[in-house]
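K.L.:
Sequence:
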Amino acid sequence: MVLTPYAVSIKDQVTQLVYQLEHVFVAPKNIDLANLAKQFTLRASVGFAENYGTALLSLMRQQAPNVSLRIISKEIKHTQQLKQGDIDAEIGVIGDNTDIEMMSRLLFNDYFIAVCHKEHPITQQQITLDLLSQYDFVGVQRQSPLSPQSQGSCVNSLTGLSKSAIINVSGFSTAMTIASQSQLIAIVPERFTRQIRHSLFKQSLHTFQLPFAMATLSISLLWHPRMNNDLSHMWFRECLWQVCQDINNPIT
1 MVLTPYAVSI
11 KDQVTQLVYQ
21 LEHVFVAPKN
31 IDLANLAKQF
41 TLRASVGFAE
51 NYGTALLSLM
61 RQQAPNVSLR
71 IISKEIKHTQ
81 QLKQGDIDAE
91 IGVIGDNTDI
101 EMMSRLLFND
111 YFIAVCHKEH
121 PITQQQITLD
131 LLSQYDFVGV
141 QRQSPLSPQS
151 QGSCVNSLTG
161 LSKSAIINVS
171 GFSTAMTIAS
181 QSQLIAIVPE
191 RFTRQIRHSL
201 FKQSLHTFQL
211 PFAMATLSIS
221 LLWHPRMNND
231 LSHMWFRECL
241 WQVCQDINNP
251 IT
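Numbered according to UniProt numbering, the sequence shown spans residues 1 to 252.
Rather than coming from a laboratory, the hints here were simulated on the basis of the structure.
Among the hints, erroneous ones may be present.
With a straight-line Cα cutoff of 20 Å, these simulated EDC-like cross-link-like pairs (lysine to aspartate or glutamate) come out [as the list claims (entries may be wrong)]:
hint: 1; residue 1: Lys202; residue 2: Glu190
hint: 2; residue 1: Lys202; residue 2: Glu50
hint: 3; residue 1: Lys74; residue 2: Asp96
hint: 4; residue 1: Lys74; residue 2: Asp86
hint: 5; residue 1: Lys38; residue 2: Asp86
hint: 6; residue 1: Lys83; residue 2: Asp230
hint: 7; residue 1: Lys83; residue 2: Asp96
hint: 8; residue 1: Lys118; residue 2: Asp136
hint: 9; residue 1: Lys38; residue 2: Glu238
hint: 10; residue 1: Lys118; residue 2: Glu190
hint: 11; residue 1: Lys74; residue 2: Glu119
hint: 12; residue 1: Lys202; residue 2: Glu119
hint: 13; residue 1: Lys202; residue 2: Asp230
hint: 14; residue 1: Lys38; residue 2: Glu190
hint: 15; residue 1: Lys74; residue 2: Glu50
hint: 16; residue 1: Lys83; residue 2: Asp99
hint: 17; residue 1: Lys83; residue 2: Asp110
Quick caveat: nothing in here was measured; it's all calculated off a predicted structure.
Required output: the full structure, derived from the provided sequences and hints.
P.N.:
Structure follows, in structure tokens:
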């Protein structure tokens, strides 16, 4: 086959065009964090934002100074945001209602503890289930809106105590605030509240182990498969994982 004069004249242009097209369909292997300018959106509970938000943003901006972070509430259920691309990732407990299409990574396992005011009478006694049942509780009810079927607090559903909480609130930090200002006991996740307990409630709250075994919580990171190999998204997920490992190390 003999090239026409026109084909010869555009040979270099075609070669360059083919080269450019090949690179259009090849994903980049490196990310320029110094020039990355993007807002990442994370769906998580208020408690996660309180305990991890500052450390997460600090780590992200140390590496990528032009990024920003938006954390939106999980209190109102919305299961389609990952699929629709409205958010980048979500923090939660994987359950029966979790979309099996989503990718996930375990961040940490958690367990429940009790907190009360440092001058609460229970702090001077050996903790037993019978003793615990003698005192009043602040419960955490995270479903919204509340219905007669959903008003059982964490005191009943998590511990098996026969008495109901005398006040129910929507978050663990609120429960700890009330416990720090009253003679009520709150039951909260240890790791999930560790940072805020040590930074805000160290002088006012006493922490003790529950006198019975309880199931652990597995807190996971979820994201849509289409974002799995996106370099900026991979970096964001790694930042989330790293922050959870750092904060969950014992505090001295």
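K.L.:
Is the Cα-Cα distance between lysine 83 and aspartate 96 20 Å or less?
P.N.:
holds (17 Å)
K.L.:
Straight-line Cα separation of lysine 74 and aspartate 96 no greater than 20 Å?
P.N.:
Holds, at about 17 Å.
K.L.:
Does lysine 38 pair with glutamate 238 here, judged by a C-alpha cut-off of 20 Å?
P.N.:
Holds - the C-alpha atoms of glutamate 238 and lysine 38 are around 16 Å apart, at most 20 Å.
K.L.:
Is lysine 202 within 20 Å of aspartate 230, Cα to Cα?
P.N.:
Violated - the C-alpha atoms of aspartate 230 and lysine 202 are around 41 Å apart, more than 20 Å.
K.L.:
Does the structure keep lysine 38 and aspartate 86 at a Cα separation of 20 Å or less?
P.N.:
Holds - the C-alpha atoms of aspartate 86 and lysine 38 are around 14 Å apart, at most 20 Å.
K.L.:
Holds or violated: are the alpha carbons of lysine 118 and aspartate 136 at most 20 Å from each other?
P.N.:
Given that 20 Å is the threshold and the Cα spacing comes to 15 Å, the pair holds.
K.L.:
Lysine 83 and aspartate 230: Cα distance at most 20 Å?
P.N.:
holds (15 Å)
K.L.:
Is the hinted pair lysine 74 and glutamate 119 satisfied, with a Cα-Cα distance of at most 20 Å?
P.N.:
The hint is violated at about 34 Å.
K.L.:
Does glutamate 50 sit within 20 Å of lysine 74, going by the straight-line distance between their CA atoms?
P.N.:
At roughly 13 Å apart (the allowed maximum being 20 Å), glutamate 50 and lysine 74 satisfy the hint.
K.L.:
If you draw a straight line from the CA of lysine 202 to the CA of glutamate 119, is it 20 Å or shorter?
P.N.:
holds (13 Å)
K.L.:
Is the Cα-Cα distance between lysine 202 and glutamate 50 20 Å or less?
P.N.:
Holds, at roughly 16 Å.
K.L.:
Between lysine 83 and aspartate 99, does the CA-CA distance stay at or below 20 Å?
P.N.:
holds (9 Å)
In this structure, the hints that do not hold are numbers 11, 13, 14 and 17, in rising order.
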